Structures are given as C-alpha cells and as structure tokens.
Amino acid sequence: AQSVTQLGSHVSVSEGALVLLRCNYSSSVPPYLFWYVQYPNQGLQLLLKYTTGATLVKGINGFEAEFKKSETSFHLTKPSAHMSDAAEYFCAVSGYSSASKIIFGSGTRLSIRP
Amino acid sequence: EAGVAQSPRYKIIEKRQSVAFWCNPISGHATLYWYQQILGQGPKLLIQFQNNGVVDDSQLPKDRFSAERLKGVDSTLKIQPAKLEDSAVYLCATRTSGGTDTQYFGPGTRLTVL
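Protein sequences appear in the order of chains A and B.
Last residue of the first sequence? That's 114 in my numbering, and every number before it is there in order.
Last residue of the second sequence? That's 228 in my numbering, and every number before it is there in order.
In case anyone wonders, no lab produced these hints; they're calculated from the structure.
Being a predicted model, the structure only gives us computed values, none of them experimental.
Built from N, CA and C at the ideal position, the CB exists for glycine as well.
Take these hints with a grain of salt, some might be off.
Chain A regions said to be covered by chain B (calculated; three or more residues, Cβ under 8 Å) [said to hold, decoys possible]:
#1 44-50
#2 100-114
Residues of chain B clear of chain A, computed beta-carbon distances all greater than 10 Å [claimed, not checked]:
#3 121
#4 127
#5 130
#6 147
#7 166
#8 175
#9 177
#10 184
#11 197
#12 200
Please model the entire structure based on the sequences and the hints provided.
In structure tokens:
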C-alpha cells in the first residue's frame, strides 16, 4: 500500500524568500514520486518527478526536490519565491508497473506575500 | 500536441438527476484515469483504463457511477442519480502507458449538486 502526507495545508512566504513544501510517503515497493501544481480552475501540471538515479530532481519554474529514502521524504523547494508561484501543490506516489495508480496527498496551498 | 480535453467545464444539477462527463485523451495515450477532487483535497482515483479495459475501479461507487472508454479512445463518466456529496471537480488524465510516463491532466469538470 502507498500513501502520501503533506505537512501544512497552507504555507505563506514573502516574495524572494525560500519556498519549502514538505512531503512524506509510505510505499511497500520502490516509489516513483511526483510534484504537481494546480492553478485556480485548471488541471494539474507536472512540476517534477523522481523515478530512479539522481536523488535531486530539478523541475520547471525553478523548483527542485530531493528524494531521501532514509527519511521517506520528497520535499519541494525553490530558492526565491515569485508571485506567480501562488497555487496548490500536490505530492504523489506511484509504483513502477504500468497498472500502478498515482496516490495524491491532500495538497498545500502556497501564498506569496508582496 | 493537443492536451486532454474535457467537457463540459461546469455543470449544475439537482440531486437525483443524472449527469455525464466526457474526456478526449491525447492521441496515442493508452492509459486513462478519472479522478474526483473534492474542494480542499487531493485527487482521488475513481477508475483507470488501459486501452478499453478497466485496470482499477476499486474506488468507484458502482451503485451510481459508471464509466466506459469507447474503442480505447474517448471516455465518459456518468453519475446516476447524483447526491449532494458528489459536488467536486472531475479530472481526466492520460499517459502513454504507465510507470515513469508523465500523466497529463485535463482542465476538469466542476460539478455542483444542489
């Protein structure tokens, strides 16, 4: 069984500050991990994903995440927040087979203060 | 490349009425998912198709929800009869197969049940 826990349903940072969104997962098989972003009234867009190999994954819009197996974490970071980063962010976990489903966390709403 | 198309974008119905949603996947994408996203929550998988076969429908309330995928391309999700708690955004997502392939989401259909 797989599950995802996102710590903090709402995070607020100042423009230019570090963004840190936390995600912990549980998986009985080697996980594939994802971060998605959802802007108001839109579908989800993939920010980045970890499958195998390098544990530090770089995504779009300056975001990156690090897979830490020992901590079962996959936190999302961005060095300097921009107003356009305000959105809902979802962490997700999947198995590696073609039949695997993606399990989503409950989401973290990111607000950016001017 | 055209994205995942969904219609309608918005639907308002009264409880006990029926409703149907339509999804047109990206060309060549064999795997198709329907998710239910209740306000403030992450997407929850309702059903997964591989071509026109069902892979996982364990969380589909089969007494009122049904889905089909015509000729392994377009898909429809139906609710009959609708309940108040069905108010949510219904997201369609597709990917080429599974595992590491990126999942692409449509814009969703926002259903309000009065």
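Evaluated hints:
1. Closer than 8 Å: that is the beta-carbon criterion, and the segment 44-50 of chain A has 4 residues meeting it against chain B, so the requirement of 3 holds.
2. Counting residues of the segment 100-114 of chain A whose CB falls under 8 Å from any CB of chain B gives 8; the rule of at least 3 is met.
3. Taking the minimum C-beta to C-beta distance to chain A, about 13 Å, the non-interface status of residue 121/B holds against the 10 Å cut.
4. The beta carbon of residue 127/B is kept farther than 10 Å from every beta carbon of chain A, the shortest such distance being approximately 19 Å.
5. Distance check on residue 130/B: its Cβ is at least 27 Å (rounded) from any Cβ of chain A, clearing the 10 Å threshold; non-interface status holds.
6. With a cut of 10 Å on Cβ distances, residue 147/B falls inside the contact zone with chain A, its closest approach being about 8 Å.
7. With a minimum CB-CB distance of about 15 Å to chain A, residue 166/B clears the 10 Å threshold, and the non-interface call stands.
8. The Cβ of residue 175/B lies farther than 10 Å from every Cβ of chain A, with a closest approach of about 17 Å, so its non-interface assignment holds.
9. With a minimum CB-CB distance of about 22 Å to chain A, residue 177/B clears the 10 Å threshold, and the non-interface call stands.
10. No Cβ of chain A approaches the Cβ of residue 184/B within 10 Å, the least distance being about 21 Å, so the stated non-interface status holds.
11. Its beta-carbon lying about 22 Å from the closest one in chain A, residue 197/B satisfies the requirement of being farther than 10 Å from that chain.
12. With a minimum CB-CB distance of about 19 Å to chain A, residue 200/B clears the 10 Å threshold, and the non-interface call stands.
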